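Residue numbers (numbering that gives the first Met the number 0), protein chains in the order written: chain A, 0 to 299; chain B, 0 to 316.
In short, the hints are calculated from the structure, not lab data.
Here the structure is a predicted model, which means the values were calculated and not measured.
Just so you know, even glycine gets a beta-carbon here, dropped at the ideal spot from N, CA and C.
Mixed in with the good hints, there may be bad ones.
Simulated DEER-style distance windows between Cβ atoms [to be verified]:
no., chain 1, residue 1, chain 2, residue 2, range
1, A, S293, B, L242, 18 to 28 Å
2, A, A26, B, L181, 50 to 60 Å
3, A, T186, B, V130, 31 to 41 Å
4, A, S293, B, H232, 42 to 52 Å
5, B, A175, A, S293, 45 to 55 Å
6, A, I75, B, H73, 25 to 35 Å
7, B, A305, A, R137, 23 to 33 Å
8, B, A47, A, N190, 27 to 37 Å
9, A, Y143, B, K222, 23 to 33 Å
10, B, A52, A, G66, 24 to 34 Å
11, B, L181, A, R292, 36 to 46 Å
12, B, H232, A, G159, 35 to 45 Å
If you want the building blocks of each chain, they are given just below.
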Amino acid sequence: MSELPLSVTADAALQAAPATKARGYWATVGRRITRDKVSMACALVLLLIFLSAILAPWLGLEDPYKGSMIRRLRHIGTVGYPLGTDELGRDMLARLIYGGRLSLVIGILPVILAFCIGTSLGLVAGYVGGKLNTAIMRTIDVFYAFPSVLLAIAISGALGAGILNSIVSLTVVFVPQITRVAESVTTGVRNMDFVDAARASGAGPFTIMRVHILGNVLGSIFVYATSLISVSMILAAGLSFLGLGTKPPEPEWGLMLNTLRTAIYVNPWVAALPGAMIFAVSICFNLLSDGLRSAMDIRN
Amino acid sequence: MLAYIARRIVYVIPIVISVALVCFLLVHITPGDPLVAVLPADASQELAAQLRAAYGFDRPLPVQFGLWLLRALHGDLGNSIATGRPVLAEVMRAVGNTVTLAIAAAIIGFTMGILLGLIAGYFRETWIDKVATSFAIAGVSVPHYWLGMVLVIIFSVQLNWLPAVGAGPGGSAAWAWDWAHLQYLVLPAITTSVIPMGIVTRTVRALTGDILSQDFVEALRAKGLHETGVFRHVIKNAAPTALAVMGLQLGYMLGGSILIETVFSWPGSGFLLNSAIFQRDLPLLQGTILILALFFVFLNLLVDIAQAAIDPRIKRG
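If we strip away everything but chain A, and leave its shape as in the complex, we get (with noise of 0.2 Å):
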């Protein structure tokens, strides 16, 4: 009586178990995050984007940088101007999509230097602790004692102009910032029997931290640094907007808006347009990172 049910329900559990767990964790996130309308609604916006971006040569646009004095600033809707003609009569549709290539690079570089960086430090001090978990962190709060668009401005600002120091910037900001995260969710994990026991069975700090942690943490951490982007994209065309990234005449959206906004007067709505694919790529991954962390949240 006294072992033969136990046996008998331990069997019945390990036999219940697979059917349970056949899907794992990423595939039932997978699953939950295709079926949400608004998410998928904007993966498909940011496909097309994205695609365009990358296939801007060979989709017969016109001349990006090819401008004429006698059709400048023509309105929304001319005939062979879908989308009219900016302040040097050059092509905004074309400009437009071409803009994508560097407006989308350097919005979102930064977090992904930001996500390596930040994960690795965040790792090593939350796993280590200690004097090297004090010696990084405190360096980080110094850091949070900045704003972050001020901070992006002052280092932009003492760089000066340029993609690759606004790319320089931005990432300085959002290092901190995932740093913060990767720490937390990695002291949350250090303590548990699974890492005891891989000690105890001779795993190495790296091979842990690798293998045990990573694996575990990686996800919220991911799920942070892709709600940076909508940020990034923002300020990365801000800093354009403010003449410290693209260098005309490069297309690129903040600083179309830049150039276009004398023109305002003359042709408004041509003059918005370059925001309004900012706004759009930002509130595409806003809500596709807001869907993808309720998908694996998986206790909900």
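Assemble chain B onto chain A, guided by the hints.
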């Protein structure tokens, strides 16, 4: 409480010194000679060396930092290269305008954010919640400098209701609380308010939802408390966190005003920063960033203390 305040103030000292160090080093990460803006292009080697010694650039960096910090403590942040006037006076004059703008934006953004957040949290998962949440997401996703441009296009260019740029009639620098000046504040304040509006809405919505799902609310309702009474409990419990978020947002508005001030030519600290960057006026750049960062640090300190005053749990933790 006093012990807590003292402890928080002691924590702030190393942060203030590090902030000063970052601002000091900013000038040294600039490519090229920091003297390039003051030195004539055909200056001789001797003249350059003389000026370097006069500005103290020939000494080791830690000594330079120490001397700079000592002068800064006495309120001497050097002189602006472009105007020759003391940096501190220039910055303080501009900060006043930025504070005006930030407070106007805070009144709009926080009121809207609290209202929308409370409504959305109370009517969770209904269409009311969806509308409020959409507003919030749009608020945090919109490139605010572009929103400023669009508002100018609608209200200045097309409708001709409000002025497009500046902070007063005839470019007057003195601010006054009359409609002639206030109309210049409307568009910049609305533009600045969208991000805090979005963030406060999201925070208050989440807080309201969490609090309403707790057991004590059930108990309050069970003992027959009417909904307005329940609401008072919700607000009391949400206040510390909401206050912290709003304090931080006020700091962001003060420090991050450069884009909006550029769009509206609003003569605040952001506008000053913009001209400092493009005239390579490094003492002014350094000073503006230092003052704005210190504002932010002290605002955070005030928020922490205010939070502890409202919520006794924080002091103990």
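Hints versus structure:
{"no.": "1", "hint": "A:S293 / B:L242: 18 to 28 Å", "result": "holds, 27 Å"}
{"no.": "2", "hint": "A:A26 / B:L181: 50 to 60 Å", "result": "holds, 58 Å"}
{"no.": "3", "hint": "A:T186 / B:V130: 31 to 41 Å", "result": "holds, 39 Å"}
{"no.": "4", "hint": "A:S293 / B:H232: 42 to 52 Å", "result": "violated, 27 Å"}
{"no.": "5", "hint": "B:A175 / A:S293: 45 to 55 Å", "result": "holds, 49 Å"}
{"no.": "6", "hint": "A:I75 / B:H73: 25 to 35 Å", "result": "violated, 58 Å"}
{"no.": "7", "hint": "B:A305 / A:R137: 23 to 33 Å", "result": "holds, 24 Å"}
{"no.": "8", "hint": "B:A47 / A:N190: 27 to 37 Å", "result": "violated, 59 Å"}
{"no.": "9", "hint": "A:Y143 / B:K222: 23 to 33 Å", "result": "violated, 44 Å"}
{"no.": "10", "hint": "B:A52 / A:G66: 24 to 34 Å", "result": "violated, 50 Å"}
{"no.": "11", "hint": "B:L181 / A:R292: 36 to 46 Å", "result": "holds, 41 Å"}
{"no.": "12", "hint": "B:H232 / A:G159: 35 to 45 Å", "result": "violated, 54 Å"}
Hints 4, 6, 8, 9, 10 and 12 from the earlier list are contradicted by this structure; the remaining hints agree with it.
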